[in-house]
Amino acid sequence: MTHIAIIGNGISGVTAARHIRKRDSQCRITLISAETDHFFSRTALMYIYMGHMKFENTKPFEDHFWPKNRIDLKRAYVEKVDFANKTLHFDNDAPMAYDVLVLACGSKPNKFGWPGQDLPGVQGLYSYQDLETLEENSPGAKRAVIVGGGLIGVEFAEMMLTRDIKVSFLVRENRFWGNVLPPEDGDMIMRHMREHHVDLRLNTELKEVIAGDDGRARAVLTSTGEEIPCQIVGLTAGVSPNIAFLKESDLETQRGIMVNEFLETNIPDVYAIGDCAQFHQHPTGRRPMEQVWYTGRMMGETVGATITGKKTAYKPGVWFNSAKFFDIEYQTYGDVPGKAKEGQQSFWWEHPEGRIGVKLVFDETTHRFVGVNTFGIRMRHVVFDKWFHEERSVEYVLEYLPDANFDPEFYRKHEKSICDKFNKEFNTNIKPRKARWKRILNIA
Amino acid sequence: MRPIQKIGLALFLLCFSVFVISLSLGSFQMTESALRQGMEQVGASEAQQQYVIDQLGEEDGKVFGSQFAYVPALTELVAKANAAVMAENGVSDEEIEQLVTLSSADGAVNYTSEIIDQVFSPETAAGKNKAIRDNTGWMIGREFSGVEDFKNNLDQKKQDINRGIVGQLGLPDDKIKYLKYHATKAATVGLIRDHVGLFSIICFLLSCLGALLYIVPQMNDGTPGIKNDGVFFLNVMNRGWIGISFGTFLIGFYVFLYKFPEYITNWVLMLDPVSESISGKPADQWFMYGVLYCLAMGVMGIRMMVKYRHNRYQIVRTGSILFFQFAFAFTLPQILKSLNRPSYDLKSAWPLEYTFFFDYRLDEHLAAGTLGWWMIGWGIVLFLVGVPTFTYFFGKRWYCSWVCGCGGLAETLGDPYRQQSNKSTRAWKIERWSIHLVLVFAVIMTIGVVYSFLPFESISRDIFIVIVAVLLVGTLGYVWFLQRKHTIFQTTSLYLMSGAGVMLVGVMVYNHFIVNAENIMFFNQYQLRGNYGFMIGFVFSGVVGTGFYPLMGNRMWCRFGCPLAAYLGLIQRLKSRFRITTNGGQCISCGNCSTYCEMGIDVRAYAQKGQNIVRSSCVGCGICSAVCPRGVLKLENGPDDNRAETPVIIIGNSGVGLSDQVTY
Ligand SMILES: Cc1cc2nc3c(=O)[nH]c(=O)nc-3n(C[C@H](O)[C@H](O)[C@H](O)COP(=O)(O)OP(=O)(O)OC[C@H]3O[C@@H](n4cnc5c(N)ncnc54)[C@H](O)[C@@H]3O)c2cc1C
Ligand code: SF4
Ligand code: SF4
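Here the protein sequences line up with chains X and V, keeping their order.
Take the first sequence: its position 57, counted from the start at 1, is 155 in our numbering, and no numbers get skipped.
Take the second sequence: its position 368, counted from the start at 1, is 1108 in our numbering, and no numbers get skipped.
Where hints are given, some of them may not hold.
Claimed, not checked - Per label pair, the in silico range of CB-to-CB distance:
1. 1083(V) x 237(X): 56 to 62 Å
2. 1234(V) x 541(X): 25 to 31 Å
3. 509(X) x 1000(V): 33 to 39 Å
4. 999(V) x 541(X): 52 to 58 Å
5. 1124(V) x 514(X): 49 to 55 Å
6. 518(X) x 949(V): 26 to 32 Å
7. 237(X) x 809(V): 38 to 44 Å
8. 99(X) x 1230(V): 56 to 62 Å
Unchecked claim - Using 35 Å as the maximum straight-line C-alpha spacing, the simulated DSBU-like pairs for lysine-lysine come out as follows:
9. 484(X) x 1225(V)
10. 746(V) x 166(X)
11. 484(X) x 120(X)
12. 206(X) x 413(X)
13. 264(X) x 1225(V)
14. 408(X) x 1349(V)
15. 209(X) x 166(X)
16. 1315(V) x 206(X)
17. 532(X) x 484(X)
18. 409(X) x 1349(V)
19. 915(V) x 1169(V)
20. 166(X) x 408(X)
21. 891(V) x 514(X)
22. 422(X) x 1225(V)
23. 484(X) x 536(X)
24. 746(V) x 240(X)
25. 967(V) x 413(X)
26. 305(X) x 157(X)
27. 264(X) x 152(X)
28. 178(X) x 536(X)
29. 897(V) x 152(X)
30. 1349(V) x 172(X)
31. 120(X) x 746(V)
32. 264(X) x 209(X)
33. 437(X) x 206(X)
The set of hints was computed from the structure by calculation and includes no laboratory data.
Just so it is clear, CB atoms sit at the ideal spot from N, CA and C, and this is done for glycine as well.
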């Protein structure tokens, strides 16, 4: 009986385990994690802190799911993998042999060697343990300084504010999340953060964390020479693969574990998926590491097929993602670059109240539609996915935009206002058509 | 918290305390006029009243400090009156003894008509004479195995006779029950009686004002959006002592309301002026309940709208449910009452409105002429045509979270407790059994009740049986037909459902056509009615349904008990355009949707697979969609084909293809 060991019970490891079990009812599956007994949703960490949910609520499967599907859970830290002898060495238990190994060990927050980065009160936000640390750091804290402007940073800020802890947010670039969000989009989000009393410091970097008499973080020193007193320092300047335990081995790694399009590493029967995987060459030509939930899930689905005998290449479809910035929901489909690309044009519409916006990006000459960002308005994944496959023009997209609307019933519609603005700017005469189920569901 | 909110909260707590304490503020005076007033209300005759008044004696004019002292005194008084009735009019032990002695003069029993006349003179004791003849006539000339046997038979009949006499001349139990309440209310004197207006303003107006002062300023809390910060830290929402106290209060409230209204007459009294100005009649406990219901829904409905001010679905929906409560459940019946018409809440559909087919309601309607006929017709069309049609187009939500009163309270007063509902698959299993059993019980009871009522005019029992059988069998056939195309119900459910239907038809046909039994469903209709009313009407929908809000979520009743929800749910699952669409692959399995689903549906389990949510229990409240931080869920009506199918693969992954269908 084949024994498949999976290191990491995050979304990618769990998806792999589930798909393996669905396709092969015989093999033995062991899911290993040092973090928690059961799979929980990392993306929901903030909601536990803010009191929207309990930890229990963030578990996507009930505890009886695992024994029922004969997926063995093991709570242990893998200290070393002996690839030659196909054996795992744990911190708390006897070694375990495997036949196939899936590395799904995720990420850890980046630390860039700042002085004082390891002081009590300074922390990242990635694991369940980080959340516990944050709970310990919170009582009595008056201000938090958050370093690094990405999604986890905004979530960190929102969390702090729910406990009446003021927030200063250091962003290295001149714009929040500047490598992903185009200027208008970023401006809207920054305005919204300020509306929530976030003290945004653009073009500002962390120089040093200063300790107080009690040995805890007391203030940060910024690149502008300012000292900001604070009790919590949130390090949210990105993540990197959590692979220190694999470094001294034959496994080929760079920033992450190197894999080919089949998610195979350089060692036979060893695969890497999720946040920790780095492609030699990304199958779609995108960045070699995409550390998000959905890609982890898709890699899990793919490796599940491969391991159970149907060798499958990782082939993610059109890019999509989503997030929430305080009260503004964000969804994106296709490719909307932070900095405009040569030969592309973009269009921005914003609601007068300033919390709803849509960005469309298209090819300058052919007008082929390449990507959309939506803020405060929900749009349908299926419909955009279809439009990309059909290589529709931006005019087509606008005309049929109501098909894509996914806001709850009775919400005010904005398609007409969006088209009006486009018509004015591009001298066209597009009128949005009524949504039709036939088109949405692709019914012949 | 802003100062104005603090003032509001303090005001509310103060007024609420006055409301609770007011129960202990009344004094009750035992007077002839109060007693008569109470007895008028329960329709006691002059003679019946006189017996009670005669017993007053030195209690006359006595003032009791609380209803807890007054009610027992009243009960004793009535018991004495009934004892007097018995002493005067009942058959006594001596008389029975006389009958026995006379009948068994020669050792054997020879009971005759003459003996009856001898003991009960037809001239001076005509009543008793007749009663004895009516009840023991069959014993005349009969053989008994001995004197003992004869005496036992007589003794037994004596009790029946005396009960009948008390029922006629004294006060029977069912009247006493209501008398307690009416006489207590009428006997109120002192603080509350003297300041009815003041108390009602404090308890009903100022309390709401306080609550609103606390709630409305939340309009300005941050930008509009989901406001669930701290929900799991708050004592009141997490089975802390405040939450448990509130639940206990609600349970107590229902127990007193249904079973011991005589102890809460002070609350009713405060509303007399309001009731009189609307319908011209004094308030009763149900009017008080109606007012409280409306106020609780109104205030908490406003809270709902403030909380979800960014969400137009929630605002429109809450507006609708408030409208139906105020206009249909509260005002319309009051108007009908003031016009001396049968009070009827037009939106309340069978089988939630389980008394709809009870003989007294049917009689009441039939007595009301055209309007009554129209009401009966409306009620039948509503559940037979209206419910399936609307549910086909809009899903169960059109009723459960847009119209229904129970749902209305759950969506407003109960909203803070939605996260307490149990999401486990075990709970789901219990739910399926429990709610469908209640539906079966409701159907059985109603068939029994209607059968006993019939025949009526051209509707014979035969026709009724045939109609019900055709409806049941036809529906089942349709289910099987649809099931051939798509798997809708699990096979076990389908067989259970069919088994239950076939058995019902079988029982009906057997009892009616073959053995010709009076009790078509084996049990006496009054017994069925009584059990249903107590178990389902009172315990389940009242005590558990509302009292358990803080403990097990706000839809306990709707989820586990409501037969109408079961019926709507079957249609929603079977054939409806409603679904909650899952937005492709956007779900991050965070769990907000499942956590805040009041029906305990594990929404995430579907969303993370990219599957639409088509569940019979979904009431379409829309909160899962509202709280989803990734915009994954949308309630909508669309083509019903394939709406519940598991997608081959979640959108976004082109590598794992069609042939790799994986189902979980
Ligand atoms: C706060 C936060 C919010 C996020 N929000 C979003 C979002 O909204 N959308 C989105 O797309 N993505 C989001 N992400 C990113 C997303 O959560 C990750 O991309 C995803 O969880 C990665 O999954 P994974 O399975 O690859 O790894 P992980 O979830 O990191 O799981 C790896 C597991 O392996 C364990 N492990 C590692 N090494 C060992 C070892 N040696 N021995 C034993 N166990 C080990 C770890 O303890 C961990 O439990 C968010 C991340 C965070 C931290
Ligand atoms: S699934 Fe959603 S809409 Fe349905 S009852 Fe639950 S929360 Fe309400
Ligand atoms: S709330 Fe939305 S993202 Fe979270 S689990 Fe539910 S559907 Fe998925």
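To see whether the hints hold, each was checked on the structure:
One distance hint, 56 to 62 Å for the beta-carbon pair residue 1083(V) and residue 237(X), holds here, with the actual separation near 57 Å. For residue 1234(V) paired with residue 541(X), a C-beta distance near 28 Å keeps the hint of 25 to 31 Å intact. The beta-carbon spacing between residue 509(X) and residue 1000(V), approximately 48 Å, falls outside the hinted interval of 33 to 39 Å. About 57 Å separates the C-beta atoms of residue 999(V) and residue 541(X), a value consistent with the hinted range of 52 to 58 Å.
The hinted window of 49 to 55 Å between residue 1124(V) and residue 514(X) is violated, with their beta carbons roughly 42 Å apart. As the Cβ distance of residue 518(X) to residue 949(V) is approximately 45 Å, the hint placing it in 26 to 32 Å is violated. A hinted range of 38 to 44 Å is violated for the C-beta pair residue 237(X) and residue 809(V), which are about 53 Å apart. As the Cβ distance of residue 99(X) to residue 1230(V) is approximately 32 Å, the hint placing it in 56 to 62 Å is violated.
Only pairs whose Cα atoms come within 35 Å are accepted, and residue 484(X) paired with residue 1225(V) is accepted, the gap being roughly 27 Å. Between the alpha carbons of residue 746(V) and residue 166(X) the distance comes to roughly 52 Å, so the proposed pair goes past 35 Å and is violated. The straight-line distance between the Cα atoms of residue 484(X) and residue 120(X) is roughly 28 Å, inside the 35 Å bound, and the hint therefore holds. Of the pairs offered as hints, the one joining residue 206(X) and residue 413(X) holds, with about 26 Å between alpha carbons and a cut-off of 35 Å not exceeded.
Annotation: proposed proximity of residue 264(X) to residue 1225(V) is violated, straight-line Cα distance about 58 Å (limit 35 Å). Between residue 408(X) and residue 1349(V) the CA atoms are separated by roughly 21 Å; this keeps the pair inside 35 Å, and the hint holds. Note on residue 209(X) and residue 166(X): the hinted pairing is violated, with a Cα-Cα distance of about 40 Å set against a maximum of 35 Å. With a C-alpha separation of about 49 Å, the suggested pair residue 1315(V) and residue 206(X) falls outside the 35 Å cut-off, and the hint is violated.
Only pairs whose Cα atoms come within 35 Å are accepted, and residue 532(X) paired with residue 484(X) is accepted, the gap being roughly 18 Å. A C-alpha spacing of about 22 Å is found between residue 409(X) and residue 1349(V), which places the hinted pair at or below 35 Å, so the restraint holds. Using a Cα cut-off of 35 Å, the hinted pair residue 915(V) and residue 1169(V) is violated, with the two alpha carbons roughly 43 Å apart. For the hint pairing residue 166(X) with residue 408(X), the CA-to-CA distance comes to about 25 Å; that is within 35 Å, so the pair holds.
Distance hint between residue 891(V) and residue 514(X) is unfulfilled; the C-alpha atoms sit about 94 Å from each other, more than 35 Å. Straight-line distance between C-alpha atoms of residue 422(X) and residue 1225(V) comes to about 40 Å, which puts the hinted pair past the 35 Å bound. Between the alpha carbons of residue 484(X) and residue 536(X) the distance comes to roughly 13 Å, so the proposed pair stays at or under 35 Å and holds. For the suggested pair residue 746(V) and residue 240(X), the alpha carbons sit about 24 Å apart, so the restraint of at most 35 Å is met.
Simply put, residue 967(V) and residue 413(X) have alpha-carbon atoms about 39 Å apart, too far for the 35 Å limit, and the pair is violated. Distance hint between residue 305(X) and residue 157(X) is unfulfilled; the C-alpha atoms sit about 38 Å from each other, more than 35 Å. Using a Cα cut-off of 35 Å, the hinted pair residue 264(X) and residue 152(X) holds, with the two alpha carbons roughly 24 Å apart. For the hint pairing residue 178(X) with residue 536(X), the CA-to-CA distance comes to about 55 Å; that exceeds 35 Å, so the pair is violated.
Note on residue 897(V) and residue 152(X): the hinted pairing is violated, with a Cα-Cα distance of about 66 Å set against a maximum of 35 Å. The hinted pair formed by residue 1349(V) and residue 172(X) meets the criterion: a straight-line CA distance of about 25 Å does not exceed 35 Å. For the suggested pair residue 120(X) and residue 746(V), the alpha carbons sit about 57 Å apart, so the restraint of at most 35 Å is broken. Between residue 264(X) and residue 209(X), the direct Cα distance comes to roughly 23 Å. Compliance with the 35 Å bound is thereby established for this hinted pair.
Proximity of residue 437(X) to residue 206(X) is assessed by CA-CA distance (about 27 Å); at most 35 Å being required, the pair is judged to hold.
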